[in-house]
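K.L.:
Given next are the chains, with one letter for each unit.
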Amino acid sequence: MVYIDIQHREVTLKLVYYGPALSGKTTNLQQLHQLMVGHTGSELITLDTRDDRTLFFDLLPLQFETEGGFTIRLKLFTVPGQVIHNTTRKIVLQGADGVAFIADSRVSQTRGNNESFANLKQNLRDNGLDFEDIALVIQFNKRDLEGIRSEAEVDKIAKKGREPVFKAIAIQGQGVSETFRGLAALSWKRLEGKFHFAERFGVSHEHFMSQIDALFRPVKGGSR
Amino acid sequence: MTASASTTQTTTSAADRRPPLERLLRRDDFSRTLAPFVRGTFGSVDAVALFDHAGVVFCHVGDEQGPMAHWDQLPPEAHAVFRSSERGFGLGDHEFAVRACFAGADRVGTVVFAIPAASPDCPGLAAIADGLVGVIGALLQAGFATWVTSEMHLAASESNFRSLQQRNAELERAIAHLREVDQLKSNFLATVSHELRTPLTSIIGFSEMLARGIAGPLNEEQTEYAQTILERGEELLRLITQILEMSKMEMGTMRLNLVSVPLTEIVDRAFSAASIPAERARVSLRQDLAATLAPLLCDADKIQQVLVNLISNGIKFNRPEGYVLVEAERAPIRRPFDEDFFGEETSDALRISVTDTGIGIPEDQLQRIFDAFYQVDSSSTREHGGAGLGLSIVRKLIEAHGGEAWAESIVGVGTTFHFTLPIAESPSYSSDSSESDSSDGFEGSSDSSRGK
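These protein sequence lines map, in sequence, to chains Y and X.
Counting in numbering that gives the first Met the number 0, the first sequence runs from 0 upward without gaps.
Counting in numbering that gives the first Met the number 0, the second sequence runs from 0 upward without gaps.
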């Protein structure tokens, strides 16, 4: 649930990267962190475990100013993908404004994707969030591997739902910023419909997106 | 003695509870609040300083040439004030007013005000000091309330944490104990069933010899008795063998001999093993298997055992003139799943289904029937015998092959048991199964035949 602090003129959005184990959620956040050098208020908060798995969650906090003098904070979370960590997933999903579902493109991982997707729906329900209501984008990651679903197959899957679908090779940074832009745009659009940011605070959708795009531009004079 | 000890304890703990000034008041807040009173519109007080209860300076307000700017400690004159009826003292060309500060019931510090002795406001210092110490007192009280709340929170969290730690330790001990007991149970079952089989072999062997007339001719009644001993003995042997197998599986000492084998071959063997009880129960055995089915990659003996178990169940719980049907089709290795947004899974395995026309199993029991020793009808007067191990063994054997076993049923119509097994030519078998949990401790012995 978006957090609006009128007194300090701040809006905080929570965006969650969800998906099956080892699908590349943390990699997405790491790449974003690298792509936004100098713009991120702080380091990527991550708990590295011995076997590359996310133990609790990763957090990438982002922040920028808008034309109305508003501060927009974006908190990007990942969840642990392994089946046994469902309680953690449920907690991290609490109050999410947008979800990026990171799917593994390999055909052999279809079951994992389907199970995680069903788990996302269930956990949203358990958190009192409506699946139809939440901003959801889908990323087909690992497009560089063998045995993946073809472009045509991915497009066919994309047509089944109304969620925007992105293709990515997160480990090389491909498709990472596109997915994030898509997620930010859709989340803001959904919230705009509810809270009328343009009308109340003078923050238009175009301006919000131009500020998002600015996060990817190199900072002049080095990093802060 | 006891009374004095308890008094000492109370005093110590009260002293321990006294909050440090840092926790009650921020130096910034103190300076900002008192700065307007120093050399301002409220008279010529030129310095205010707050000392903690040990007498160390906490905060000083006033310029650097002020009379207290270099005081690190509360001066002895100020200490003397508390021992007398005075409320201030003179030092150099200044007069000082000394006041105690309280938070709750405890004295937490001392505040000292300085005014030039020559100032016309000097006689009013006591009144000014009383007024300002009231303001400082209010600040400290507010800080004290917050401090008490946070201490209480802390204490509550600590107590919760301790009780959780204790519970965790208890649970860990309980788990360790259960694991040990479980291991003991498995060992016990293995030993006992092994020991039971030895005398049973004699019972079966000698009763068979009697029944066949090897030890001399028997009359009709005697033959029937010997035959009954033989049949019951064999039934007991089957039960004991099941228990032994189960305990072997639980101990992880069973090996699989994986080979490429056609399903029809295994089904034929299973049917011939089950033909006598099927005839007796007037249940027909049917199979509907396409000739084009890919061969399985499995341990043929173990899968035959799985089929015999399922077919025997199908016969046991069937109606007369019913049937048991074995079918197979290509399917994913995992059981069907409701969500299919990300597409169908690859059909790289065989799904074998054994359907009967029996009494069926209620929905709420379907999951539990695969548990060891579980019986749908667990009453002592139940119609059908058995140790409740058959389906548990089925599931364990199938999971050891990397497949899944599950059941569907309609009460009064019949039950279908499904299980999946990898096919011999599947290229993805070895890669997929390497990610699946193999907690059973099974080992594939013929690795060369894997993932051809």
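Honestly, the hints are just simulated from the structure, not real lab data.
One thing to keep in mind: the hints can contain errors.
Unchecked claim - Here are a few chain X residues that face chain Y, going by a calculated C-beta distance under 7 Å:
# : residue
1 : 254
2 : 274
3 : 336
4 : 338
5 : 339
6 : 340
7 : 341
8 : 342
9 : 344
As the list claims (entries may be wrong) - Going by beta-carbon spacing under 10 Å, a handful of chain Y positions derived as facing chain X:
#  : residue
10 : 6
11 : 7
12 : 11
13 : 111
14 : 118
15 : 120
16 : 126
17 : 127
18 : 133
19 : 152
20 : 155
21 : 156
22 : 205
What the hints assert, rightly or not - Listed next, with one range per pair, are the computed distances between beta-carbon atoms:
#  : chain 1 : residue 1 : chain 2 : residue 2 : range
23 : X       : 283       : Y       : 127       : 28 to 38 Å
24 : Y       : 81        : X       : 166       : 17 to 27 Å
25 : Y       : 127       : X       : 292       : 46 to 56 Å
Ideal placement from N, C-alpha and C gives every residue a C-beta, glycine not left out.
K.L.:
The structure should be examined with respect to each hint, and the outcome stated for every one.
P.N.:
Consistency of the hints with the structure:
1. 254: violated (27 Å)
2. 274: violated (38 Å)
3. 336: holds (6 Å)
4. 338: holds (4 Å)
5. 339: holds (6 Å)
6. 340: holds (5 Å)
7. 341: holds (4 Å)
8. 342: Where the cut-off is 7 Å and the nearest Cβ of chain Y is about 6 Å from residue 342 (chain X), the hint holds.
9. 344: holds (5 Å)
10. 6: violated (21 Å)
11. 7: Hint violated; residue 7 (chain Y) Cβ to chain X Cβ min 20 Å, cut 10 Å.
12. 11: With a minimum Cβ separation of about 25 Å from chain X (threshold 10 Å), the hint on residue 11 (chain Y) is violated.
13. 111: holds (9 Å)
14. 118: holds (9 Å)
15. 120: holds (8 Å)
16. 126: Since the shortest Cβ distance to chain X is 18 Å, the answer is violated.
17. 127: Violated. Min distance 21 Å.
18. 133: Nearest chain X Cβ about 15 Å off; hint violated.
19. 152: With Cβ-Cβ at 7 Å, under 10 Å, it holds.
20. 155: holds (8 Å)
21. 156: Holds: closest Cβ of chain X sits about 6 Å from residue 156 (chain Y), inside 10 Å.
22. 205: Violated, about 32 Å.
23. X:283 x Y:127: 28 to 38 Å: violated (54 Å)
24. Y:81 x X:166: 17 to 27 Å: Check passed, 25 Å falls within 17 to 27 Å.
25. Y:127 x X:292: 46 to 56 Å: holds (49 Å)
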